[in-house]
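Add chain B to chain A, keeping to what the hints say.
Chains as they are written, first to last, in this note's numbering: chain A, 1 to 349; chain B, 1 to 349.
Worth flagging that the hints you see were computed from the coordinates, not collected in a lab.
Misleading hints may appear alongside valid ones.
No copy labels: a pair is met if it fits in one copy or bridges any two.
To be verified - BS3-like cross-link-like pairs, simulated, lysine-lysine; straight-line CA separation at most 27 Å: (1) K155 / K48; (2) K342 / K57; (3) K229 / K57; (4) K157 / K232; (5) K227 / K155; (6) K48 / K36; (7) K227 / K248; (8) K244 / K232; (9) K80 / K57.
All values reported here derive from a predicted model rather than from experimental measurement.
2 protein chains.
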Amino acid sequence: MTKPVLIVGGGPAGLAAAHSLATVGKQSIIVEKEDKLGGAPILSGYAKLVPTGEWAKDAIGGMVTRVEGEDAVTILTNTKVTEFGGSPGDFQARLSNGDNAQVEAAILCSGFTHFDSVNKPEWGFGTFQDVVTTTQVEQMISSGQGVRCPSDSRKPKRVAILLCVGSRDRQIGREWCSKICCTVSSNLAMEIREELPDCHVYIYYMDIRTFGLNETKYYWRSQEEFKVKYIKARIAEVTSDGEKLIVKGEDTLVKRPITIPFDLVVHAIGMDPNVDNPEIASTFGVDLQEHGHIDAANCYGAMGQTTRAGVYVAGAAMGPETIDDSIAQGHAAAMAVLSGLKEAIGKTA
Amino acid sequence: MTKPVLIVGGGPAGLAAAHSLATVGKQSIIVEKEDKLGGAPILSGYAKLVPTGEWAKDAIGGMVTRVEGEDAVTILTNTKVTEFGGSPGDFQARLSNGDNAQVEAAILCSGFTHFDSVNKPEWGFGTFQDVVTTTQVEQMISSGQGVRCPSDSRKPKRVAILLCVGSRDRQIGREWCSKICCTVSSNLAMEIREELPDCHVYIYYMDIRTFGLNETKYYWRSQEEFKVKYIKARIAEVTSDGEKLIVKGEDTLVKRPITIPFDLVVHAIGMDPNVDNPEIASTFGVDLQEHGHIDAANCYGAMGQTTRAGVYVAGAAMGPETIDDSIAQGHAAAMAVLSGLKEAIGKTA
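Chain A on its own, in the form it takes in the complex (with noise of 0.2 Å):
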């Protein structure tokens, strides 16, 4: 009973499990590969998150701090795990800084990889510089610099918004849905139209998915309080006159071409699998799912049950998820690792 349980990752998902088995005071070890906890939201520079509008450096910013508090919670910055045996309760892992832990449970929280638009060649990242990524724009705003166009940071009139780049498109090996990003874009559309009250934004989607009451806070006050504007449309290419992008494709409810300039071009980017999965799976000995992310075995009674008997996962590392469910999973994952331990305990009593 006094071994900890080994969390990878410490992100939303990793945090909220950290937290919860402090507040129980079972130890924990987060073991995280970059150089600071947080997770995307922190990392990538977020903005102002869905769906409550506070800025990530407080939201999470704030569950990393308290985290960091915790007696019960030993943080391992800029550390993988190499090798890991053992079974339920009675766990080895090997880390990338040489030092072995004995742990009861593991529970994976090792998220997802940005969608890195290059791979999207025909959408212009990487040969405009004003075509840019969600991320890029979160960082603009939560930085304070404001949304503006790299080439000559002057402030955009037209900006387009493109949704889903790298989700929904087999040309490019990319079948899923990112989930979020509709809700996101629609999110950061209003946050470029209260900065800049002049600048028209268009948002280009095949089905505008911001489920559930996402529906009257997202997609309904942009449109109505924000006037942010709504094309169904296939993008065939982003090109440039000289002067102006030139957003090109057909709008696929009126059945045209068109042939419309921006300023900016902002590519909502979908979440990939991480790409270190296919090395966590192999070391951790879990099951992927079609698309590469780690397969979750039980979503009932026992969730976050991966493949393997001790081993749990949560958040976007089992598809492409949102910041707070992923926190909920995280402690769902948490209570399924005590709820585990719990029964073999009975078990072997």
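Showing chain B alone in chain A's frame:
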């Protein structure tokens, strides 16, 4: 430290919360207004669940059985909370059975109410026997009866599933999206095709919101493996020619009116706020959101905290939610309760 936690509602979120608390040795009282636990998946007789395909009676039924076997959980069915006063760590609840309970905190896991299709009369429910709801089709499947036309028990040859019935519909005061009906409908369509391979199944949609990995598991699989047809349309009315049901509307992609005969028309009914929410909000002194769902004041560090200290919320009580995320949120709220109590105790000491 000896007072229990009050859990309002014994559906997936409430079962998860109670199990979490029991796992760490904390007492809870589940107060359930219906005569048994399990919430919508059990009380409404759902069939195979998204996303694992497990039967509701196994997945959620198993959670019920586990909680019923926990010494730390007191279960009161056919019971409501009528009064709730006091402060965090020392609340007094009065119950409809005449009992009083001293509790440390409360978690509202009070779920939702299925949209009643009679409130969308132009779509034929209540007028034509063979216009049914997704819940009724779930029951046809889970009971083993099979999918049949209620009017004469024949096997339907053509089935239309209409999405967004009671969702995304300002005309009837339901502006929100019900989040999971698209995916549930894709799942049901595959189940219908599995039982009745000669039956043609059409899904009429506004936007297809099979978010995340549901995109491949449901949207594409239902089309490619099960030959389910998806039509983007605005439905005007469902009538009858005396023999068949007639679905009338507009195909919004080809911009043409449609008038199509079906044997069975299925309303994919949405999730209304629980009809008891005004009463629950008043009893517990918590705020409701603009559409009548219980307001969550914190989605990150203290997940599920409501606007009243010591009172938490999880699952579909907060808005349309999936079963698995309701479960995750139930665990998360339980942890937020324990964390809150620990901090409160720290402050007192």
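Against the structure, the hints:
Proximity of K155 and K48 under a CA criterion of 27 Å is satisfied intra-copy only: 20 Å inside one chain copy versus 52 Å between copies. Proximity of K342 and K57 under a CA criterion of 27 Å is satisfied inter-copy only: 25 Å between copies versus 36 Å inside one chain copy. Neither within a single protomer nor between protomers do K229 and K57 lie at most 27 Å apart by alpha-carbon distance, with minima of 29 Å and 45 Å respectively. In this assembly of identical chains, K157 and K232 lie within 27 Å of each other by CA distance solely inside one copy; the values are 21 Å within and 33 Å between copies.
In this assembly of identical chains, the alpha carbons of K227 and K155 lie at most 27 Å apart only when taken from the same copy (18 Å versus 49 Å across copies). Proximity of K48 to K36 under the C-alpha cut-off of 27 Å is restricted to the intra-copy arrangement: shortest distance 20 Å within a copy versus 42 Å between copies. In the homo-oligomer, the alpha carbons of K227 and K248 lie at most 27 Å apart inside one protomer (22 Å), although the nearest pairing across protomers, at 32 Å, exceeds that limit. Proximity of K244 to K232 under the C-alpha cut-off of 27 Å is restricted to the intra-copy arrangement: shortest distance 22 Å within a copy versus 34 Å between copies.
Taking the closest pair of Cα atoms, K80 and K57 come within 27 Å of each other only inside a single copy of the chain (25 Å); across copies the shortest separation is 41 Å, beyond that limit.
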